[in-house]
Amino acid sequence: MSAQGSHAVHAHQDDGAVHVHIASSQFYWGIFGALICLTILTVKVSYYDFGKANIFIALLIATMKGSLVAAFFMHLRHDKLFNTIAFLSSFLFLGIFILLTYDDLGNRGRVDNDYGGRFQLETGQAAPGGEPATTATSDSVAEEAPHGAAAAHGKKE
Amino acid sequence: MANVSESVHAHGDGGGDHGAHAHPDFLQHHFDTPVQQFNAAKLGMWVFIATEILMFGGLFCAYAIWRGLDPRVFDDAHHFLNKILGATNTIVLLFSSLTAALAVRSAQVGKRNLTSLYLIVTILCAGVFLVVKYFEYSHKFHLGLLPGHCFGHPGLSAAVQNGEEVGTCLRVHADSAPVMPEWVKAADEDGHVRLLSPRANMFFGLYFVMTGLHGLHVIVGMSILAWVLYKNIKGKFSPAYFTPVDLGALYWHLVDLVWIYLFPLLYLVGKPE
Amino acid sequence: MAAVDIPVAGGHAADAHGDPHANYLKAKRGIGSWLVTLDHKRIGLMYLTMVSLAFLVGGIFALLLRIELFSRGKTIVDGETYNRFFTLHGAIMVFLFIIPSVPAALGNFFLPIMIGAKDVAFPRLNLLSFYIYLVGLAILLVSIVSGAVDTGWTFYTPYSVQSSNSVISMTLGVFVLGFSSILTGVNFLVTVHTMRAPGCTWARMPLFVWGMYATALMQILATPVLAITLLLLCAERFFGIGIFDPKLGGDPVLFQHFFWFYSHPAVYIMIVPGMAINSELIATFSRRAIFGQFAIAMSSLGLALLGFLVWGHHMFAAGMSEFATMLFSALTFLVAIPSGVKVFNWTATIYKGSILWASPMLYGMAFIFLFTIGGLTGLFLGTLSVDIHLTDTYFVVAHFHYVMMGGTVIAFLGGLLYWWPKMTGKMHDERKAKIGFWFVFIGFNTVFIPQFIMGSRGMPRRYYDYLPQFEPFHKVSTVGSWILATGLFITAYTLLEALWKGKKAPRNPWNSAGYEWLTETVPPLANFHQPPVFTRGPYDYHLATPEELATGEDGREVSFTTQMAAKESTHPA
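Protein chains in written order, with this note's numbering: chain F, 228 to 384; chain L, 81 to 353; chain D, 700 to 1272.
So that you can see chain F by itself, here it is in the shape it has in the complex (with noise of 0.2 Å):
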């Protein structure tokens, strides 16, 4: 990342006019090649496989991305602090939400495993003293569907 080039008027008058800090152009072009760096970098790790990680992988990425944009592009590095806070705070309660909410349908039917009707969301088996699982998850069908059949070659495109 290039220096932080600036030519910032920081005189302290309380004269009640606005003064902001300036950054340079060639600052403004350099965050902006960090962010080409990252776009390529997070299209290249997609081309492999890390498992459950490939998600967050790609979230860091993004993440380091919006936090370019946001601390240079929109100015948060030299704002108000309670602004980044309103940003980032927006966050927090959308990560409440999710949570919560993945809480619910992340584990239904896991606790009360014991009565009748239910199996387990892991494994599809029949939970402990519930009926047989009647219902297939849509992993058990794709266990079943051939994968990858024959390539049908120019019909699109």
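Check each hint, because a few of them may be wrong.
[To be verified] Covered, in the sense of this in silico footprint (three residues per stretch, anywhere, with C-beta under 8 Å from a C-beta of chain L), are these stretches of chain F:
#1 242-254
#2 258-264
#3 287-301
#4 316-327
For the record, the hints were derived by calculation from the structure and aren't laboratory data. Heads up, the beta-carbon is just placed ideally off N, CA and C, and yes, glycines get one too.
Starting from the known structure of chain F, arrange chains L and D on it as the hints suggest.
Quick look at chains L and D alone, frame taken from chain F:
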């Protein structure tokens, strides 16, 4: 701010005199100083950005839920999106973000024509983004990769059905009643035929709603920037007062920011070949 | 007493906005000047008019519902119409009345005055928010005319996806109203952050403003999720994207998560402003510094935060995972902490206070009483095992009416009576106001106490018909609704009568130390003739000068010059 009797120094062309006290034209009657007005506008914009994030957040929540519950489906379905087009659009938007930031900088240092130039480039990039999106969308329509009960609709996937192999594949149901489709086979963007779960409609539903809402924001952003451009050409801005340029650019960066997350989540995550 | 003709620093002479020193009601004349006004006080009054009309219409639907339930079987309408009535009663009361009532009407009027600002930060957005509200209202009217919705105000899927097409216009209307709410929230938050007058520090900020601030936070953070929820509902209807549709692999309970992530904070968007008003009433009429000012302010923020953590308690019986129900139940009990902090602090304020039993104070006391009942019955419903029995019974109906009506509406009425002199410059008839209060109080309890009993015995809510054993309760409840309506009409008449028959109001009829009572009655366009400098807190009765606490029969503004002189000597320009 505390001292109410101080006079207000506007830089540049401001400084119209209303009554007894210096009061630049751009300063609204209920603010004491330009800096108070500037801080209020900025905070308002940031709070508005927070609301936008939470609005998109609902979609990200739906994405997280259904991807979390059924990662396999999303893995398969995402191969039907074109990574290269997605990456191109990402770079176009990042570049437009750069020019938006440079437009603000030019306004801050008072280079009016340069501000206009950068704003025009930003708006053009937004146009390019929409054109690329148009091609992506029409390809999806063509394949019948549509949300919900339109998914694999016969009228919309005719071209695919003509193909021998693929024709048997995309799930076609005679009436468009919303019934759970069956497993389908189709050729993806790399030409591999792969299985698509009936739940893939969820992926494409989210894809269209997320990118559609984002596209709507692109259009709104273009209009805002065009308005700022108009004001700039009319010479409304100066180093003392560039708030609309700043806020317009902030909105544009938000559009970019949302795309920065949409791109990997829709185009990239999942098992590679 | 301040001389009105002191030149005002920082302001400027008469311009497009009108003379900042003129009485805001008279600064400009004509209906046109109201429609394009940027003055927060006028916008507040326009909001007040609209929310009052909405309250009237929603109230008429409530009376019709009660009449229908007076006897078993069909009384006046058939079952389908009944479903539409309760949907309209709920939707109108929630989206058109309670959510905008206190913030957009009273908050708009008093928040800038109470922090010594000339206006809210974005006056044009403020007016826009009012017009967006009108557009939302118009769309809701369209949906009523085009065959009313019968889903209940919650629009649960899958029914809302299948029922009549006016669901679309209804959700669109609510979507638009959400934007109005967001704009108000953004405006208030920025105003509080950037526009406070010198001396109005965070520690001194009036509790009404704190309440509005907490409300704004919730409006900002929750309402966008309602917007996306309703968009998804429309997408579901038009394209069947399947996120909420089990036939396409979705989950209808997910809709409830989306809906309640907004609507539970929305419940606090409704009640926190009521608490905010009540803090003002209790302090003023006990003539005491409010006990635990900081604690009350923080409890507002605490409620705002907790409001985002407990939405699942609306869905205990909807098929959520047991894991989630336990978590949400545990979190729900935490709400009792900030609520308790408020109730105990109000009680402690009253203790050994010098209480003035004016009509607003009657409402203030009623608030504490009724909100406590509403809050404690909430704990019953937050308890998982008890909730299984009480879900979707009249117990729930009674519970949230005790909070919404017994809390917010009571506080709203109290606030109206309290601030009416400042807003209109006219004193109302206290005797009539008190008679109105007793009708409201007795009527309200007569309506809803039988509903608690019915609910605990298993009477389901939203049902058109009922078993014979519930008939006496329904009859009492309906009679109560007539008493309540009488009380509300008496109160409305009292307020309106004051406009043409009321005496001229003094500056500070209740001898309050609050900031809003320092300015002239009626406030000038710029809120204060001199830019205010606050040198004490709004509840510091021991620091307020006799001049400030005096009734001020001539209505003139209190002088800030002495305070300003002191300020300037310590901080030279």
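Hint check results:
{"no.": "1", "hint": "242-254", "verdict": "holds (count 9)"}
{"no.": "2", "hint": "258-264", "verdict": "holds (count 4)"}
{"no.": "3", "hint": "287-301", "verdict": "holds (count 9)"}
{"no.": "4", "hint": "316-327", "verdict": "holds (count 7)"}
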